[in-house]
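**Q** These protein sequence lines are chains D and H, in that order.
Under the numbering used here, the letters of the first sequence match residues 1 to 442, in that order.
Under the numbering used here, the letters of the second sequence match residues 1001 to 1324, in that order.
Worth flagging that the hints you see were computed from the coordinates, not collected in a lab.
Accuracy of the hints is not assured; some may be wrong.
With a cut-off of at most 20 Å between alpha-carbon atoms, the simulated PhoX-like pairs for lysine-lysine come out as follows [said to hold, decoys possible]: (1) H/K1088 x H/K1073; (2) H/K1007 x D/K252; (3) D/K435 x H/K1104; (4) H/K1143 x D/K438; (5) D/K295 x H/K1263; (6) H/K1007 x D/K438; (7) H/K1263 x H/K1034.
Counterexamples of contact, computed for chain D against chain H with all Cβ distances above 10 Å [said to hold, decoys possible]: (8) N209; (9) Y223; (10) G278; (11) K401; (12) V425.
Every residue gets a Cβ at the ideal spot worked out from N, C-alpha and C, and that includes glycine.
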Amino acid sequence: MGLTGLEIFKHLPKTNCKECGFPTCLAFAMALANGKTSLDQCPDVSEEAKEALSSAAAPPIRLVKIGTGDKVIEIGDETEIFRHDKRFNHPTAVTIAVNDNEDVGTKVETVNELVFERVGQRYEVDMVAIINASGDAATFKTAAETAAAKTDKNITLVTDDVGAMEAALGVVADRKPLIYAADKDNYEKMTELAKANGCTLAVKGEDLNSLAELVDKVVALGYKELVIDPGSRETSKVLADMTQIRRLAVRKKFRSFGYPTIAFTTKEDLREEMLQAGVYISKFSGIVVLKTDKKEHLMPLLSWRENLFTDPQKPVAVEPGLHEVGEPTADSPVYITTNFSLTYFLVEGEIDSTRIPSYIISVDTGGISVLTAYADNKFTAEKIAADIKALGLEDKVNHKKAVIPGGVAVLKGKLEDESGWDILVGPREANGIQKFAKSNFA
Amino acid sequence: MAVEIMKEKYRSSVREVVLGATKDEGGTRSHTIKVGGETTLPFLHFEGDIPNRPVVAMEVWDVVPEDWPASVKGFFEDVYNDPAAWAKKCVDEYGADMIALRFKSADPDLKDASAEDCVPTLKKVLEAVGVPLIVYGCGKTEKDNNIIGPLAEAAEGENLLLGVAEQENFKPVASAAMASKHSVIAQSPIDINIAKQLNILISELSTPLLERIVIDPTIAALGYGIEYSYSIMERARFGALNGDRMLAMPMIGNVSQEVWSKKEAFLEEGEPTWGDQAERSLAWEAATSMALLQAGMDILVMRNPESVKIVKKQIDDLMQDNSY
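Chain D with its partners taken away, still in its complex shape (with noise of 0.2 Å):
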């Protein structure tokens, strides 16, 4: 995306100044291009150019906001197709329906409870949705009121009645709640209430045409700050435009779709529901409205945004420490890898398997490889030794023996020496483990 150095160079002043702190315009040109200065660090920069330079340079995907403060969900500003090119910079916003007409106090306090703690990390739904399944602008403005009063979660206001809106905006519009939407009856009234109130605004179509004139209609009166629906709502069809949508906004910069999309689940089985709520978060929704409220739906849902939304050129890691496989006591082995998670789990698994119950001790390698952190010294035997003086191994088991990976054979010696435990050479792969505790430890 983006320019050129020479292409961003033919705007600028030509001066070589050097107060943008680089010797020649066209070194800074260059340096605007990889993204590692700002064009205002140009003192004589024209308007003219500012206009060109900045539309162009924009991102294909802009960046919105929806809510205030520390609560405040950004999602845009994607710029692949593909995870393995560079990451997906925004998670999808997970966003639970509670229908005005229902309890809405209640429901709300169950999405509240909706938070999970796995593998250390913390994992919690984004916003809750008022819709006004009632048609009733009281009653949608009473359950908004209600839903704020009861949560600190961001917020979505869903109905198409500039009236309800406007009623429901007068007891919430201070948390910057999501509008949805502006259709083509009432676009101009809703996109003036989302500029009062300085709100993110959705725009619906309901075919990827007349999303593409509804949007240029909003951008036309001066409003940007938008997300965008399609309107399909079959599964396979929300696949298809999503797919169009990111496509056209990043390699062709079509700007009518440079926005954030959302889509909403329609399956009345729940099941069903988290299925196609997974699908929308796999290919490019910015939010993902689901009805369902069962842990047991989300916290899948939420593992696979998480896994989905990781960089994939950053190693990922465990977090390093001491691991329990089962219920360990004072006689279990005690393993020792690296804190790099295709290792650890593979390892985990493989020790699982031997239905041992047993200590694993993952070693901050920066979440790299037995060998790589080996050859970099991230795996050394003065870092093991400490690991386990740390962690009070010598309090837990009754033994003294650790396994080493036998990759690493050669750091048995010195890690004796440094730690005072017996240590054995575990098999040079995971899935030796098996073979290796069954004649070691069974």
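Since the structure of chain D is already known, use the hints to place chain H on it.
**A** Chain H only, in chain D's frame:
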């Protein structure tokens, strides 16, 4: 202004692999199943063909699965002493497209059953169901190398999908497939280069076998590194569509084996915030499958009938035409 729909035209396609063989084709299956053949990325019907829907194979063991949680074991309470009845139940009641038969009994640490012990079970399962079969050993390479040949021979012409050929150990399975007219699972450890290399090795052994390979890219469960598998699969599929014939195979994922060994699936109590084990575990298996489908999985090996049910429904939905 009308939106200009972006359609990618890829140079190539995924190979279509036929599994099973009917009487006319030298086997005894009631029908065959085709997998692969895609000319675009998953479910983008608007720009290419997805001629075959992804299929679900349900797992059947030749021993009682003692350590399965009650929430899934309960579905098979009446049949898990009898692999043939178990397989039949999976097909008739739970809609399994295929059966993945695991010869756990061969495990030297369990019963250390011999090939002769295993063959009758295979024959009974073949008689009990008409769907194509996937056959796995016990998972311990040395032992599996001893039983795979006789099993393949006993089912000659059935076009089983035989597991698993690995880079360091592909000959026993590949040779058995070649000799007795079966297909083969080529398993690589979340590594696209090894996946390719293995397919080259197999094709050097037997060129025709190249048309009968299904790639197992090695998948992880949700929360346990599935994103690596997801990206490897996306890259492999992208490579296949762009003309890399050594990656242009359908893919199989051993979902149940990965999911059911994880705490999220089996822990009865779990963390206080994790909710009910039965619901959580079936959701975990189904959601893992969902993610893999989005990366191009063609065959899912699954365990819980309730997970199978919702995943099959989602496949129905995803197979709906979405042309513009």
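**Q** Each hint should be assessed against the structure and marked as holding or not.
**A** Status of the hints after comparison with the structure:
1. For the hint linking H/K1088 to H/K1073, the alpha-carbon distance of about 16 Å falls within 20 Å, and the restraint holds.
2. A distance of roughly 12 Å separates the Cα atoms of H/K1007 and D/K252; the hinted pair therefore holds under the 20 Å criterion.
3. At roughly 16 Å between alpha-carbon atoms, D/K435 and H/K1104 fall within 20 Å of each other, so this suggested pair holds.
4. At most 20 Å may separate the alpha-carbon atoms for a hinted pair to count; H/K1143 and D/K438 meet this at roughly 17 Å.
5. For the hint pairing D/K295 with H/K1263, the CA-to-CA distance comes to about 15 Å; that is within 20 Å, so the pair holds.
6. For the hint linking H/K1007 to D/K438, the alpha-carbon distance of about 56 Å lies beyond 20 Å, and the restraint is violated.
7. Using a Cα cut-off of 20 Å, the hinted pair H/K1263 and H/K1034 is violated, with the two alpha carbons roughly 35 Å apart.
8. Not every CB of chain H is more than 10 Å from the CB of D/N209 (nearest about 5 Å), against its label as outside the interface.
9. Residue-level check passed: D/Y223 sits 19 Å from the nearest beta carbon of chain H, beyond 10 Å.
10. With a minimum CB-CB distance of about 4 Å to chain H, D/G278 fails to clear the 10 Å threshold, and the non-interface call is violated.
11. Its beta-carbon lying about 23 Å from the closest one in chain H, D/K401 satisfies the requirement of being farther than 10 Å from that chain.
12. Against the 10 Å criterion, D/V425 stays outside the reach of chain H, whose nearest CB is about 21 Å from its own CB.
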